[in-house]
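Q: From the two separate chains plus the hints, produce the assembled complex.
Chains as they are written, first to last, in UniProt numbering: chain A, 1 to 471; chain B, 1 to 344.
It is worth saying that the hints were derived from the structure and are not from the lab. In this text the structure is predicted, and so the values were computed from the model without any measurement. Glycine included, every Cβ here is placed at the ideal spot set by N, Cα and C. Accuracy of the hints is not assured; some may be wrong.
Stated by the list, open to error - List time: in silico DSSO-like cross-link candidates among lysine-lysine, alpha-carbon distance up to 30 Å: (1) B:Lys238 <-> A:Lys96; (2) A:Lys254 <-> B:Lys191; (3) B:Lys273 <-> B:Lys43; (4) B:Lys191 <-> A:Lys294; (5) A:Lys82 <-> B:Lys135; (6) A:Lys396 <-> A:Lys239; (7) A:Lys119 <-> A:Lys56; (8) A:Lys82 <-> B:Lys153; (9) A:Lys448 <-> B:Lys69; (10) A:Lys250 <-> B:Lys69; (11) A:Lys56 <-> A:Lys96; (12) B:Lys191 <-> A:Lys77; (13) B:Lys144 <-> A:Lys56; (14) B:Lys191 <-> A:Lys250; (15) B:Lys144 <-> A:Lys11; (16) B:Lys53 <-> B:Lys191; (17) A:Lys254 <-> B:Lys135; (18) A:Lys251 <-> A:Lys239; (19) B:Lys69 <-> A:Lys239; (20) B:Lys135 <-> A:Lys119; (21) A:Lys216 <-> A:Lys251; (22) A:Lys107 <-> B:Lys144; (23) A:Lys240 <-> B:Lys191; (24) B:Lys135 <-> B:Lys53; (25) B:Lys43 <-> B:Lys173.
Unchecked claim - Anything over 12 Å on all C-beta distances counts as not near chain B; from chain A, calculated: (26) Val207; (27) Arg321; (28) Val343.
What the hints assert, rightly or not - Per the computed footprint, the stretches of chain B lying under chain A, defined by three or more beta-carbons under 8 Å from a beta-carbon of chain A, are: (29) 115-125; (30) 160-171; (31) 182-196; (32) 296-305.
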Amino acid sequence: MDKLSEILQQKFGHTSFREGQKEIIEQVIAGKDVVAILPTGMGKSLLYQLPAYFMKGAVVIVSPLLSLMQDQVEQLKMFGEKRVVAINSFLTYEQKEMVMSNLAMYKFIFTSPEMLQNKRFNCALSSISIAYIVADEAHCISQWGYDFRPDYLRISNWLDAFPEANVLALTATATQKVVDDIKGTLHMSNPFEFIHSLDRPTIAYEVQKADSQKEKEAWIMGRITTTNGPGILYTQSRKKAEYYAYELEKKGVKVAFYHAKLEQEDRVLVQQQFQQGDLDWICATNAFGMGIHKDNIRQIIHDHIPTSIASYMQEVGRAARDGKQSIASLIYTNSDVEQAFYVAMKDFPDETDIHAAFQSEEYQILLPETTFRILSYWKEILSEQETIALFHDIKKRKWLEIQKLFTLFQSELCIREQILNTFDEQLTTKPKNCCFNCSLDLQQLLTKREYQNLENIELNWFNRINELLRP
Amino acid sequence: MYFHHLLLLIIQKFHGERSSTAPFYLLKGKKSGQTIQDVTYFKLHPFFSLYPKLSLDQYNVEILTLVNKGFIEENGSVINLTEKGLMQIKTMKDPQFNGWLYRGNEHVFWSRMELVIQTLSHFQANVHRYVPNQKNQDIHQFVKGYLYSRDYKNVAFYSNFRQQLLQLLENTKFENIHREIFVYRLSGYGKSGLTWEQLARHYNLSLFDIKMLFIESLHIALPIINEEKFPDLLPLVKDVEVQTPLTESAMKTYQLIQKGHNLQEIAAMRFLKFNTIEDHIIEIVSANQYFPFFSYISNEQVEKVLRISNSLQTKKLKIIREQAPELSFFQIRIALAKGEEANG
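Looking at chain B on its own, in the form it has when it is part of the complex (with noise of 0.2 Å):
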């Protein structure tokens, strides 16, 4: 069920203007030039990469259900929410996501979370040999740092972090299925964690609906111990938020822009199609917006794009283009990021 909410809700964001694999490029967090633009054209900064892992078969046989339950619609290339599947959304809180700002880092904070907690499980039950859930060595590694350097054997550490971690659930931001999920997907000595099927079967949700909660439980964890300061959940989350939303290789064509190259010399500097680099642009533009774009556009045909978008009310270039054909398909694309940062 909230997984076909979530879906339902981000092709109402799509506006009928994206196809039905769309959607899914965006929970995989495709770090492509259309998607990383959709996302500021559409606001879907939320649903950004929430699920890497996502299979495009899995995902098809989603995307069918909802077209059997009369939810949603293909027409010709495009995906639409009927009014049904309007219906089943208007009542739905607002999801919890900020999936652009952790990118899949909500897992490095969980693993060394989940580390913490049964070793000092262990620790308080006086078993000092066990194995570890978390195979990964930088995490036993950070985990081992942040142990030692908080005397965790005291006492006072052990129910101080106790106390803060109970502090963090009690926010209201939760609901009771959040705090569950992630307090059952923890182990400790003598416990163990709950599977995905086994939470999914309690719940009679499916493995979607589970795994969308607890990623949202997480986001929710995130900025409340930043906001907060819990002194002994803080180091936890250390760099877990993307420092700069830019891809890898839009920031390499960045830098090279701040060396004064034009994009035809970062082209062929980086062995790159020029689209590529039109896209990098894109990106750059969406995501700062004192990004001076006045080499590739001027201050009056942005305004000239999105008054056209607005009247028409649509960001399908092809349209907008038709009415300003002296602009490039790149500057109408530059100007809608411009006017969706404006809005926002």
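Here chain A stands alone, though its shape is the one from the complex (with noise of 0.2 Å):
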């Protein structure tokens, strides 16, 4: 066995590698600047995880999404790995000076964009030795991604006081634009590309048209009851995924809903329940998905049009992640197209928001911080006019984006092939169960579901006592 397959095993456990995953970890470990683009669930987090142990020196890897960052510490934690840390906003004052002045212990040395011109951090940094550097989430730098986060921008200059590390850029979906974005703002004169296929051939496209909220309810529940899961809903307000998990549970199934309003502790309680299979539904918003590890999930059902192509992709590709078949079903009514639309503006500047913001510092919005701090950004480089004509050019590109993705959902042609394209890449392959419009064996897809009888459970404490600390 070569030395990478004998590391893959003995820390992660994995006999084998996944499709370019090696290709990738030899040009980190050969010093190259990489940028790795590979769908949900294929594996991303190995890339910069297991060169660590063929360098000298800590990985330093920037992490725009907070709650991503917890759970991968946590996953490396899990196999094992002590050398871990997180540098952001959710150390205390004392947590953060421990940290840095013990920075050459760390192995994995996790850190958000805004930490990045922390005079205190970079001081640290400079004095151990860097391995390479990961810039995940890489998309969300450049303003053409569809998160696009200005803080991020400031890892250009900041990676000119490590000219010797080299850079992994990671991502799951990018157009071409975006990769030249993040490319330029990386300084990578000749990286090593690699771009796995966005398609999931074991997931199933499967698309449904109502002619009522009504009807579709009709139909999201007909679906969730009679066939088996385990199963996403997603939804698009928390009222809708408590009312679907309150309706469902009447009818017996074992399910729960999840949105950002939960408090920390449940969530944490319903993606156990949920990995451990004590939950077979989870009726939930964009909130869910973040640091669940479950691979047999089998359908991904949307009650509404996603707001962009990409977060469709990816709440879809929670599903299979073991490889085995699985459905994503999407059912829609025609008004919800402008539903979608109403969604993905919420978060937008208008006009008034942006001459407020240009008349005073201080001024006061009701915009979520992010939007916010993509204002302010602008705010920097152009003028109010130009400000003001960008956000109605975004507002515009968004609307063309739901459009598009309403057309490909009614359209007849093959829905795996469509989506592809929007990335700029062609099907080549595919497989028995396609799609609605090509071929789908729905007898063979869905498993039809046994009647549970979800009788009151007798709680006993001590009972339970027995069971979580046995005797």
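A: So, in structure tokens, the structure goes:
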């Protein structure tokens, strides 16, 4: 066995690499800059985790999503790696000081883009040896990406301080334009590029049209109560997620809801219950996904038109991690497209917001933090009129994207092929169960659900202690 | 139900002398002079800071429900219990909270307990890698220290810990629902705890009810652990009790007084309003019965205020001052705080 496979087995418990993993890892170890695009669930984390064991020094991972960072730290700790730390706004001042003065102890240092301008942190970093730098969720660097984070642009200047370290950029989806942006911002001259197909052959696509919300609801209830999960029902609002969970529970489905308003502790419990199979279905908003390590999700249902094709792909991609046949279903009504646009625009500044932003330093707008930052970023670069024009343009593009997605779901062409084309990719082989418009054997795909009677289980504290702490 | 009963009980204790938001700030544990002074005036120590995350919107919905059911009524700016409301809580057992002593710190104890049990449960099943439910690094450090110092892989420790936990929960101060909520919030190997939602549905109670019962179960557990001195549980309650019941800001004022500064000087030094410093004094007087208050009000004056308050059955400053116009509101507040101390 070669050295790479040996470490793969020893540290991560896998017997073989997935497509592309080995080449990328070899390039990182050879000190090359790398851009890697791999769809959700294809083993992205391994790409930056494994090379660390072949190189001296620490790996610095810049990650714009705090919850993702937390999840990755936990994952590494699960593999028995203790030299992991996340430096972000969650740490108290004392904790930060503690970590910074012992930075050399760590092999994996996760950090948020905001921290890159922290002098104390950079000073501590310059005193240790760095193996390579990872830009995770690299599409957030690009203003053309669907998740643009202006703070992430700081990485450009920050990198100048580490000319020796090579850079690994990772993302799940990126168009050519975004890739060019990533390369530019990260000063990559001749990087090794690996673009994995975004296609997931074991996920079949089904699209249904309903004439009314009532019909849609009946369809969803029917599907979930008669076929087997495990599955996720994605809804657009917290209220809807709660509503479906409530209705399904009444019909004897083991189900829970999940959304951003759930307390942290309860989020963990719902994830755990789903992972352990105590729950068959989760009714969730897009807040559900990060940190779900469940391989056998068989069904993903959307009751709405998503606001971006990339986020749709990400949500659908949570199915079939075990490589077994699964199905992604979407059911819509004609009015859903306006709803999607409304939801997408909710977080956008309008002309009045932009005007207010240019009028004073301390303006109050009712916009999410991320939008606020994007606006502040452009304010530095553009005039008021230009900013208004820019957001007008972004809005228009968003509208077109949603329209395109809507057209895609309505069309009679192959859904899989159309999705791939959106990312400048061609479909080479069609799986047997492809999509609703090609071939789809629903009988075979969906197994019939046996009715379970969910009687009210007795709670017995004494027995439960004995289950938790066996005598 | 339970939460509603608690609200009724609190409203009763306010004696028709406060507005409907007073119980809200009490449950939130607001560290303002008014709330803290009310705790002493109306003997509301058990309920202080029981629900720091409560939102005003949520609270108002509950109050409205109680109004609609005819249990309480708003008279002008104050809120009162009705006859019907009184009937509701007549048979109610005394709640076993001690919010004044724990102030939300019971969660620290809980987090430690949860992580210890999750760890032991996995180790018992020979699983050494798992994702802790607790995300707080300080809790991780604490539990690590605790487990290492106790030779946690040793069978004897495991069975002792288990035994002490059972013994704790068998205590008759708990009702079964307390025990169940406590135990079913825990997770272990292959078993995850139940969410608030799931527990609420099981008992057909509201989320508020369940959360209050959970807090109560912790407030029952903490003194038992202290009294019984369970050797393996005792370390988990370390620093959970508030050492000094003073807020941090009042503490600073207190220290400056001890150095001999007067109230004007302290206000100027700390860039605070004079009123705020007065609030601190009320807080200090409430917390410390030996605090020398004579530079602000004489013993005779205190007695006079208490006589008035007693005969008129009120704690309203305005009414009292009509009978003792020579005293300031600040002086009357000190007197009332001293009065509660003497009774309590």
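Q: Are there hints from earlier that the structure breaks, and if so, what are their numbers?
A: Those not satisfied are hints 9 and 32.
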